[in-house]
Every structure is written in structure tokens, then in C-alpha cells.
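Q: So the chains spell out like this:
2 protein chains.
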Amino acid sequence: MLGHEGDEYYMEQALRLARQAYRMGEIPVGAVIVHGGKIIGRGHNRCEQLNDPTAHAEMEAITAATHQLSSKYLNECTLYVTLEPCVMCAGALFWSQIGRVVAGASDPKRGFTLHGSLLHPKTAWSMGLLHEECGSLMTSFFQSLRHG
Amino acid sequence: MLGHEGDEYYMEQALRLARQAYRMGEIPVGAVIVHGGKIIGRGHNRCEQLNDPTAHAEMEAITAATHQLSSKYLNECTLYVTLEPCVMCAGALFWSQIGRVVAGASDPKRGFTLHGSLLHPKTAWSMGLLHEECGSLMTSFFQSLRHG
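Chains as they are written, first to last, in our numbering: chain A, 38 to 185; chain B, 38 to 185.
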């Protein structure tokens with residue numbers, strides 16, 4: 038089930054989670070993992086709430102999805118995430134051997150693509166879906182911090 | 038408190054955790070994080086137990102240490118880990134801005150150094166401490182799997 042139907046729908050769900058993070062004062066990144074048309078993992082950034090630099094949206098979604106499937110591997114799943122994953126999250130996605138990753142906005146400072154190809158060779162990868170919505174949430178968040 | 042006194046002692050503590058992992062059927066990697074001479078975070082691999090590809094020794098130790106300090110940052114801490122960190126763990130260490138990382142055995146297949154410099158520029162890095170003990174634990178584990 039790696040079809041591209043409904044990509045926008047799932048990214049909208051990731052955006053909802055990103056907006057939740059925003060309201061909590063967290064960097065607004067959200068992620069969902071889909072298997073057989075069903076969302077089996079959700080996450081948003083919680084680094085501030087948990088005082089934990091590893092509490093990224095993707096990590097939370099991966100842990101939830103692997104628990105749900107009782108498997109370390111997500112090869113039949115797609116991750117939708119509002120921001121290009123960082124090196125840590127790309128490394129986690131590598132271990133999960135996830136089938137497909139769809140990102141929204143690029144992250145020119147901390148995105149994993151700065152370091153070449155860190156995902157699993159079997160993982161399909163694309164970026165740019167709803168990137169304006171995804172990116173403007175980030176811009177607005179950092180503007181509000183500066184003008185706090 | 039980034040002194041090098043007692044490095045072997047702390048690596049021995051990481052090795053104890055690696056041996057615990059071994060006995061649980063987990064890849065035998067252990068890690069401790071030290072702050073002011075005190076161990077404030079411990080971890081060993083739990084990927085099998087938790088069905089979670091993100092449950093690496095370093096991740097567990099980072100989460101424990103940041104909770105202990107109530108801070109996302111570990112800039113005054115040293116991580117001792119029996120195996121060279123992977124890309125995911127190096128990315129997590131980057132976010133924590135940890136002061137120093139001391140690794141035991143190298144990981145020529147999955148070690149982060151294959152991808153260049155992924156740690157924070159302020160992080161001191163060394164590898165090779167007790168590498169024979171650390172490495173032989175790994176060799177023995179994978180041999181027992183093959184002949185199991």
C-alpha cells in the first residue's frame with residue numbers, strides 16, 4: 038500500500054499535529070505514519086515539554102507505528118512529515134526501512150539531505166507537498182518567538 | 038567537568054550495560070552519560086524487547102540525562118558508548134550539544150563517521166577506548182546468532 042492516493046489528506050493530518058505543537062510553544066512539526074490506508078502512528082515535536090532533544094515528531098510516530106505493528110520494520114508504511122527530517126530522524130527512518138517518506142517544507146539548515154543519502158536505499162523519498170502551508174507555520178512560529 | 042580521568046571506569050560501566058543487553062538477546066551496546074563525575078544517564082539496546090528501531094543505548098541515555106538535568110542540553114556531559122554511534126544517535130547527540138563523546142569499538146558498516154562530521158562542532162570526539170572488550174562482545178554475539 039504505497040500508493041500516492043490521498044497524499045494531501047495525510048499531510049493535512051500531519052499539519053494538524055504541527056498546529057497542536059505550535060499552540061504548545063513547540064517547533065511546529067507534525068508527522069503521521071500510514072499503513073494500508075490507516076494512520077498507525079502520530080507525532081509532533083515535544084522537545085520543550087519533555088526537555089528531550091530526541092522528542093521529534095518523526096521519532097514519536099515511528100515508535101507508535103512499530104508498537105502498533107509489533108515490528109521493528111515499517112517497509113509497507115508511508116511517513117508524512119511537515120518538515121524535511123533532520124539527521125537523527127533520517128537515521129531512525131533508515132533503521133525502520135520505511136517504504137516511503139513524503140515531506141512538506143525543506144529545512145535548508147538542518148535537513149538530512151545536506152548530508153547526502155541517509156535513508157534506506159529501498160525508501161522512496163519526495164519533498165514539497167503542501168510546502169507553503171508547512172513552511173509558513175514554521176516562519177510564523179519563529180517570527181512570533183522573535184517578537185515574543 | 039570534561040576531564041579524562043576515569044574514562045576506563047565509565048567505559049566499564051557502559052560495558053556492563055552492553056553485557057546486560059547481550060543476556061537479553063539484544064545487540065550488545067551500552068552507554069552512560071557522566072556529569073560532574075556522576076552517571077546521570079544509562080542505556081542499552083532494547084530494539085528487540087520494545088520492537089522499536091529507535092531504542093538504541095545512546096537514545097535511552099540521552100533521554101535519561103536530559104530528564105535528570107531538566108535541560109535539553111548536555112554540553113557539560115560526556116557520553117561513553119561501547120560502539121561507534123549510528124547516524125540516528127549522532128544526530129541526537131548533535132541536538133544535545135554534548136560536550137564529549139568517547140566510543141569503544143568502531144562500526145565500519147553503520148558508524149556515523151562514514152558520513153563525515155555529524156556531531157556538534159563543539160563536541161570532542163574520540164574512539165578506541167577498551168575497543169577490544171567492546172568489539173569482542175559484538176563479535177561473540179553475532180557468532181552466537183549464526184550458530185544459535
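You may find that some hints are simply not true.
Given that identical chains are not distinguished, each listed pair holds provided it fits within a single copy or across any two copies.
[Unchecked claim] In silico lysine-lysine, DSS-like type, Cα no more than 27 Å apart, as pairs: (1) K146 x K159; (2) K146 x K75; (3) K109 x K146; (4) K75 x K159; (5) K159 x K109.
Keep in mind the hints are simulated off the structure, nothing from the lab.
Note that this is a predicted model, so its numbers are computed, not measured.
Q: All hints, please: hold or fail.
A: Consistency of the hints with the structure:
1. K146 x K159: both (25 Å within a copy, 17 Å between copies)
2. K146 x K75: Answer is neither; intra-copy 32 Å and inter-copy 34 Å both fail.
3. K109 x K146: between (30 Å within a copy, 19 Å between copies)
4. K75 x K159: within (21 Å within a copy, 42 Å between copies)
5. K159 x K109: Within one copy only: 16 Å inside a chain, 33 Å across chains, cut-off 27 Å.
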